[in-house]
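Residue numbers (our numbering), protein chains in the order written: chain A, 1 to 140; chain B, 1 to 102.
Hints are not guaranteed to be accurate.
Stated by the list, open to error - From the structure, some residues in chain B lie toward chain A, with a derived Cβ separation under 7 Å:
| no. | residue |
| --- | --- |
| 1 | 13 |
| 2 | 52 |
| 3 | 55 |
| 4 | 71 |
| 5 | 72 |
| 6 | 80 |
| 7 | 82 |
| 8 | 86 |
| 9 | 90 |
| 10 | 93 |
| 11 | 96 |
Hints listed in this document are in silico derivations from the structure and should not be mistaken for laboratory results.
The beta carbon of each residue, even a glycine, is placed where N, CA and C say it ideally should be.
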Amino acid sequence: MVEAIRKTVLVDFTPEEAFELFTARITSWWPVRTHSYGGDEVKNVVLEPHVGGRLYEVTAGGEQDWGSVLAWEPPRRLLLDWQIGEACGTEVEVTFEPEGPGARVVLEHRGFGASDPRERYSSGWDVVLATYAESSSKNA
Amino acid sequence: MSTNGLVLDALGDWTRRQIFEALRRGPRSVGDLAGDLPVSRPAVSQHLRVLKDAGLVVDRKEGVRRIYSVAPDGLAGIRAYFDSFWDEALDRFAAEARKERE
């Protein structure tokens, strides 16, 4: 099991505003030139605002899926099933918490296990048990 | 880290990402891969060399064919790739928020 990626960024936005920028206006900040299928051809990135919604890029040639929404809890939490090539089957969770006058945005990209579902499942349990062990040793 | 740079370059190309994705589903030969992609066999070989140099794939000889598969520690490379990707993406996210606040 490969350790999850965890990133934190503070913005001078309320959690509501940060959630809206992250989701509804994803095109305004996503580095499409280097991180998309279509590169410079990408006209739009769309994140459909509901569970089961699609995350996809739009080019003149059509649409290309990046992932789907597993949890839609504005303005606090977003969970995506990541289907882009090399990270197919991983998950991205983003949370938005108030921090002073702004918001703390925490992103976790996890599940860099094997693409075999059984292995993903067992890796999942490794994480559960490791977390359990960690919290129980903290309490000890 | 130079290895990280190589992984970034290796996966920065659309065709190479398709090749890598195909290999995540199981080991394949060059001919197999070329049959599924809009690129020639020599081009697939070149892409595989880049992926191999980046430590993402390994190969073995099986009779006259060479079979490629995802390197056991290749996933650590993917993680490194996304680690720097998210730095870039979130920097841009924060910069957009700053710009709108001004």
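Going through the hints against the structure:
With a cut of 7 Å, the hint placing residue 13 (chain B) at the interface with chain A is violated, because the nearest CB-to-CB distance is about 11 Å. Restraint check, residue 52 (chain B) versus chain A: the minimum CB separation of about 15 Å is more than 7 Å; hint violated. Because the smallest distance between the Cβ of residue 55 (chain B) and any Cβ of chain A comes to about 13 Å, over 7 Å, the interface hint for this residue is violated. Because the beta carbon of residue 71 (chain B) sits about 12 Å from the nearest beta carbon in chain A, more than 7 Å, this interface hint is broken.
A cut of 7 Å between beta carbons decides the hint on residue 72 (chain B): the least distance to chain A is about 10 Å, and the hint is violated. At a threshold of 7 Å, the smallest CB-CB gap from residue 80 (chain B) to chain A is about 9 Å, leaving the interface hint violated. Hint on residue 82 (chain B) holds. Least Cβ distance to chain A is approximately 6 Å, under the 7 Å limit. Checking residue 86 (chain B) against chain A: minimum C-beta separation of about 5 Å stays under 7 Å; hint holds.
For residue 90 (chain B), the shortest C-beta to C-beta distance to chain A is roughly 5 Å, which falls under 7 Å, so the interface hint holds. Proximity of residue 93 (chain B) to chain A holds as hinted, the smallest CB-CB distance being about 5 Å (cut-off 7 Å). Residue-level restraint check for residue 96 (chain B) holds (minimum Cβ-Cβ distance to chain A is 4 Å; threshold 7 Å).
Hint violations for this structure: numbers 1, 2, 3, 4, 5, 6, all remaining hints satisfied.
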